[in-house]
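J.: Here the protein sequences come in this chain order: A and B.
655 is the number that the working numbering gives to position 77 of the first sequence; each next residue is one higher, with no gaps.
125 is the number that the working numbering gives to position 60 of the second sequence; each next residue is one higher, with no gaps.
These are computed hints drawn from the structure, not numbers from a lab.
All C-beta atoms in this analysis are idealised placements derived from N, C-alpha and C, irrespective of residue type, glycine included.
A few of these clues could be false.
Claimed, not checked - Simulated pairs of lysine-lysine, DSS-like, Cα-Cα distance not exceeding 30 Å: (1) A:K748 / B:K143; (2) A:K813 / B:K143; (3) B:K292 / A:K757.
Stated by the list, open to error - Here are a few chain B residues that face chain A, going by a calculated C-beta distance under 10 Å: (4) I74; (5) V212; (6) G214; (7) Y229; (8) Y235; (9) N236; (10) R271; (11) G272.
To be verified - Negatives, chain B to chain A, calculated, CB over 10 Å: (12) R80; (13) A120; (14) H152; (15) F158; (16) T234; (17) A252; (18) I276; (19) D277; (20) E280; (21) R317; (22) L322; (23) D323; (24) E336; (25) D341.
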Amino acid sequence: MTSTDIAVIGWAQTEMVRQTDSSETKLLLNAITDAITPLGLTRADIDFTCLGSCDYITGQAFSFVSNLDAIGAWPPKRDSHVEMDGAWALYEAWLRLQEGDIEIAVVTGSGRSSTGDPALIYPMEMDPYFLAPLGADPLTFAALQARAVIEAGIATERSMAEVSVRSRGKGNIDELLTKEYLREPLRRHDLPPITDGAAAMVLATGDRARKLVKRPAYITGFDHRSECHNPSFRKLDDSPSTRIAAREAGIADGAIEVAELQAAFTHEELLLRSVLGFDDSVKVNPSGGALRSNPIMATGLCRIGYAADHIFNGGNRALAHSTSGPCLQQNLVCILEGRS
Amino acid sequence: MTRFVESTITFPYKRSLGPVVGMFMTALTEQRILGIRNGTDVIVPPMEWDPATGAELAHDFVEVGPAGTVESWTWVPKPSAQHPLTHPFAFAFIRLDGATTPLLHAVDAGSASALSVGTRVAPRWKGTRIGHITDIDAFVLGETPEVAGPDHGPSETPVSMMEYQASITYNNPVPVAADRVVEASKAQRLLGQVCPVCARVYAGGRGYCPIDAVELGTEHEVDLPDKGTITNYALVTPVQYPGQTETEPFARVFVLLDGTDVILSYQPVIELAASDVHVGVRVAAVWASPAEDIDEGAAMGGAYGALIGWMPTGEPDHTDPDLVNRIF
Ligand SMILES: [Zn+2]
Chain A
579 MTSTDIAVIG WAQTEMVRQT DSSETKLLLN AITDAITPLG LTRADIDFTC LGSCDYITGQ
639 AFSFVSNLDA IGAWPPKRDS HVEMDGAWAL YEAWLRLQEG DIEIAVVTGS GRSSTGDPAL
699 IYPMEMDPYF LAPLGADPLT FAALQARAVI EAGIATERSM AEVSVRSRGK GNIDELLTKE
759 YLREPLRRHD LPPITDGAAA MVLATGDRAR KLVKRPAYIT GFDHRSECHN PSFRKLDDSP
819 STRIAAREAG IADGAIEVAE LQAAFTHEEL LLRSVLGFDD SVKVNPSGGA LRSNPIMATG
879 LCRIGYAADH IFNGGNRALA HSTSGPCLQQ NLVCILEGRS
Chain B
66 MTRFVESTIT FPYKRSLGPV VGMFMTALTE QRILGIRNGT DVIVPPMEWD PATGAELAHD
126 FVEVGPAGTV ESWTWVPKPS AQHPLTHPFA FAFIRLDGAT TPLLHAVDAG SASALSVGTR
186 VAPRWKGTRI GHITDIDAFV LGETPEVAGP DHGPSETPVS MMEYQASITY NNPVPVAADR
246 VVEASKAQRL LGQVCPVCAR VYAGGRGYCP IDAVELGTEH EVDLPDKGTI TNYALVTPVQ
306 YPGQTETEPF ARVFVLLDGT DVILSYQPVI ELAASDVHVG VRVAAVWASP AEDIDEGAAM
366 GGAYGALIGW MPTGEPDHTD PDLVNRIF
């Protein structure tokens, strides 16, 4: 339990589409309005904002500055930005609220991943000496990790197809397994879609949260850890950073009912389940996860949103996970609880 | 129907390599591959720090390979423009003989069926080596290193820098408000938008009031005066980076439009020498003739569309001492 109660009290996401006509600013304008309005809040009630987005993906230096048009600059607000998924923006807001001098924070995650080709953009974020010059792309690294996870006995091509069918709610496993490899052992169904969209989430401190909603989703544990940037130096059939983050967030303090994992590739869900020690009693990714929609920079924040929905709907304990970097380099775990 | 515009952004990076990566890159020009000792491990590619603890490593280099064993691999049936080979190949983790970590590189194996875990591979060196990871063109099957074409030998001096050209093509929607101001500029009109909440006026096709977070549409458009006063300016001495077309020092000025609160930022000046630019100069908009090519792209910041800059009107200067503070 943290020293100050801090809870998720609402969230909203835009329509998640393959390519949107809207600017990122417009997506955020709508997401923020949709998140605060049902709570009876206006932009003037927000004390702190933190936005998660990525200039590389939009191709505009300081693109997050025009995103500020969506916040409403008056009365003045404390504002911050992370060049990361909105889940890390949430982490910063959670820290900021612990100062105790403010009550309401809004965090966002936004990205238009249709803007460029992810296979060409992401290699530029890799090690600049040894990996970027080879065009080492996310699909290649995912395939190498999938192979390691399969060899460790944690996944099979069939169990990966099962993850895809369950998450997307469509497809026939036997038929999927006859398809060609895009990068062996990965087939099209093992990959996430390209998605444009944004999400916004509202946090409040204890008393204010209880005044605004019947059942706040209290953040009872929150941690993130990172591993070496170069997958050459990591054991790819394990995710020690996830394990440590989950331990520090208090995963062992009670039963997890629902887990929302940011697993963009099918084998990542199976690896994460294994590392987190989940058995069949944990319901994983009822939302469909990143395999159903993968709005870059908002996918992790949406996981926390869906976990909060479980609490809003009467659930007691949910875990949300977000990740960043090649082969699950950096991992964040957030545990949400309801109280009677 | 929203208009999309394609643009390619290129960043030519020069990176300093430091004492460890520089040593590795220099050795590549000599057809040698170096690792670095980390306790009982030999790390390839070498790092300055222990990947697990961050502790600085002594510069204790170990030559590894040149042959090695494929530990894991994935076939790339359709290479991208950034990949080292233009025909199908494998990306593989290769454990070079003597190393304890795998190096990621390309294997030119012909077909996926030629590869399995345990396959032995050796480097195919480029004939001209500059100290770059792609001095190894790719790895090939077998134990014997090759050189592609005539061998031009090692670098005569230690390699301390590397170049990397990042180039990305983007396809972005053009906001309606941005298109509207460019269109209006062709009729020599400066279009603004009035916020229905706070009545502030914005120029340049912003499309939002940032104070109230409301979207501004065609119903909020107003015509702005095409005369104003220079409030502040910068004299830019151009650095000849790629894409810079200016060669002489030039001015960028901020113009406060008459009778409004609107500042146009980073505006070029015309028929006003950089050395004559000062706060208070009265200026008027200069428009491109209909025959001239204009930039239809983004309207934010600087001149846009048929607005090509600002020229002195010859009127007496404004002498308000507060003018200089107006850059927003
Ligand atoms: Zn306004």
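J.: State for each hint whether it applies.
T.: To see whether the hints hold, each was checked on the structure:
1. A:K748 / B:K143: Judged against 30 Å, a Cα distance of about 27 Å means the pair holds.
2. A:K813 / B:K143: Satisfied, since the Cα-Cα distance of roughly 27 Å is no more than 30 Å.
3. B:K292 / A:K757: violated, 65 Å
4. I74: holds, 6 Å
5. V212: Because about 20 Å separates B:V212 from the closest Cβ in chain A, which is outside the 10 Å limit, the hint is violated.
6. G214: violated, 20 Å
7. Y229: The hint holds - B:Y229 has a Cβ within 10 Å of chain A, the shortest such distance being about 6 Å.
8. Y235: For B:Y235, the interface hint holds, since the closest Cβ of chain A sits about 4 Å away, which is under 10 Å.
9. N236: At about 6 Å, which falls below the 10 Å cut-off, the nearest Cβ of chain A leaves the hint on B:N236 intact, so it holds.
10. R271: holds, 7 Å
11. G272: Holds. Min distance 8 Å.
12. R80: It is violated; B:R80 is separated from chain A by about 6 Å at its closest Cβ, not greater than 10 Å.
13. A120: holds, 13 Å
14. H152: holds, 14 Å
15. F158: violated, 6 Å
16. T234: violated, 7 Å
17. A252: holds, 25 Å
18. I276: The claim is violated: B:I276 sits with its nearest Cβ about 5 Å from chain A, within 10 Å.
19. D277: Non-interface label on B:D277 violated, nearest chain A Cβ at 6 Å vs cutoff 10 Å.
20. E280: Since the minimum Cβ distance to chain A is about 7 Å, B:E280 lies within 10 Å and the statement is violated.
21. R317: Non-interface label on B:R317 holds, nearest chain A Cβ at 17 Å vs cutoff 10 Å.
22. L322: holds, 21 Å
23. D323: holds, 26 Å
24. E336: At about 32 Å from chain A, B:E336 clears the 10 Å cut-off, so the statement holds.
25. D341: Since the minimum Cβ distance to chain A is about 32 Å, B:D341 lies beyond 10 Å and the statement holds.
Hint violations for this structure: numbers 3, 5, 6, 12, 15, 16, 18, 19, 20, all remaining hints satisfied.
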